[in-house]
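Asks: This is what each chain is made of:
Protein chains: 2
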Amino acid sequence: MSGQISKRAVVLASGGLDSTVAAAVARQDGYELYLLTIAYGQRHAVEIERAKQVAIALETRQHVVLDIDLRAIGGSALTGDLPVPKDRDVSERDRDIPATYVPGRNLIFLSLAAAYAEVLGASAIYFGANVVDYSGYPDCRPEFIKAVEATLQVGTKAGMTGTRFEIRAPLLRMTKAEIIRLGLGLQVPFHLTHSCYDPAESVACGRCDSCLIRRQGFAEVGVVDPVPYAVS
Amino acid sequence: MSGQISKRAVVLASGGLDSTVAAAVARQDGYELYLLTIAYGQRHAVEIERAKQVAIALETRQHVVLDIDLRAIGGSALTGDLPVPKDRDVSERDRDIPATYVPGRNLIFLSLAAAYAEVLGASAIYFGANVVDYSGYPDCRPEFIKAVEATLQVGTKAGMTGTRFEIRAPLLRMTKAEIIRLGLGLQVPFHLTHSCYDPAESVACGRCDSCLIRRQGFAEVGVVDPVPYAVS
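Order-wise, the sequence lines are chains A and B. Here the first sequence stands for residues 17 to 248, where the numbers follow our numbering. Here the second sequence stands for residues 17 to 248, where the numbers follow our numbering.
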């Protein structure tokens with residue numbers, strides 16, 4: 017870690033594994049961390065609590081939790097409109113854009129992160145997008161990220177006056193096992209992170225896509241996942 | 017107006033003059049109207065009430081009011097952090113990006129509108145952006161709108177599977193007088209619209225940039241503005 021920390025980065029922090037590793041990478045890159053958590057009426061509200069604990073553990077400079085009730089718009093399993101798929105194998109997960117896709121979510125989140133960055137005078141935005149395990153999400157793809165950067169460049173006061181916005185997705189092409197290895201090296205508090213799409217009383221189900229991918233990742237690395245699951 | 021109305025359009029409706037005329041244009045273009053109003057913790061909350069009245073007057077199919085408290089991010093006169101400028105002449109208004117600029121606002125709003133459109137199966141999004149009277153706002157410029165369209169194309173399920181999103185800003189290059197003339201022809205309920213940045217008890221101040229531009233527009237058209245002002 018660099019001795020002098022003065023640059024600011026906004027990190028989209030969901031309380032999940034990937035975004036927590038992304039935050040640790042931003043810290044490693046020498047940034048002061050400004051975490052932004054979007055409470056969007058998701059089924060797994062436990063994430064918000066975990067995001068707060070992660071923010072403390074990572075010695076974040078500021079943590080903003082922004083409420084926005086996307087249920088008013090609807091259209092996803094993550095906002096309660098559709099059932100969360102369970103026990104799917106890799107081929108099923110890869111076939112379609114999953115029901116857990118939230119229309120416009122990452123664009124909404126990155127827009128909010130950019131607004132926050134502009135207020136802070138920050139140019140770097142970190143987020144934990146990944147194309148390997150979530151190939152079906154259109155708003156995790158590199159071409160999407162490039163398009164958002166271009167939009168920020170022309171559509172913000174900071175962009176018009178010389179700031180070059182960078183949306184950094186350091187995990188974009190990593191497998192879950194690689195992300196976990198990276199996180200282990202950065203002392204990421206994995207025990208605080210939450211990945212399940214459908215927890216019961218804060219306990220991960222162990223069977224949704226997100227749980228399955230996480231558990232397989234830890235198994236590949238050969239490390240025990242410190243999070244408990246309802247189904248072993 | 018076309019006889020058969022079946023196409024759906026999302027309209028970003030603030031309760032202001034421009035967005036109400038934009039909604040009337042969408043109706044004229046043959047669309048069923050789905051109004052989206054973002055309650056973003058703005059100083060002028062009276063707009064939300066006016067948006068609801070406008071939605072009824074325009075026989076909107078659905079009106080979603082989405083709460084998002086951008087004050088958590090801060091950085092604008094419209095969210096209460098900076099004073100609203102008063103009594104500025106045109107040269108002053110043109111000189112800078114105004115304090116009423118809300119970082120990332122239109123990108124946030126268009127992202128939400130796109131999410132709503134995707135859920136509805138709509139491809140057209142109307143909004144009342146204008147580059148003539150608001151030359152200082154980076155997120156009202158045509159290049160910004162094009163960049164957002166490109167982003168939606170690559171970053172949404174609908175865009176990936178064939179929907180061609182169109183962000184329509186029919187007022188983009190019109191003067192306020194031209195917008196008012198257009199609205200008069202479309203029977204826009206101007207008496208319900210609200211433009212003031214700094215109203216006191218729902219009464220427009222008459223002195224902020226928005227009031228000054230609106231009043232001059234009505235004066236040029238030679239029609240009485242049906243809205244009362246605190247200062248004549």
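Just to be clear, a hint being listed does not mean it is correct.
Which copy is meant is left open, because identical chains are indistinguishable; a pair holds if it fits in one copy or across any two.
The calculated lysine-lysine pairs, modelled on DSSO-like cross-linking and capped at a C-alpha distance of 30 Å, are [unchecked claim]:
(1) LYS23 with LYS173
(2) LYS102 with LYS162
(3) LYS23 with LYS102
(4) LYS23 with LYS68
(5) LYS102 with LYS68
In case anyone wonders, no lab produced these hints; they're calculated from the structure. Keep in mind that this is a model prediction, so the values were computed, not measured.
Asks: Each hint: holds or not?
Replies: Hint by hint, here is what the structure shows:
1. LYS23 with LYS173: Within one copy only: 19 Å inside, 35 Å across.
2. LYS102 with LYS162: neither (32 Å within a copy, 39 Å between copies)
3. LYS23 with LYS102: Result: close neither inside a copy nor across copies, 42 Å intra and 36 Å inter.
4. LYS23 with LYS68: So LYS23 and LYS68 pass the 30 Å test inside one copy only (22 Å; across, 43 Å).
5. LYS102 with LYS68: within (28 Å within a copy, 41 Å between copies)
The structure shown violates the earlier hints numbered 2, 3.
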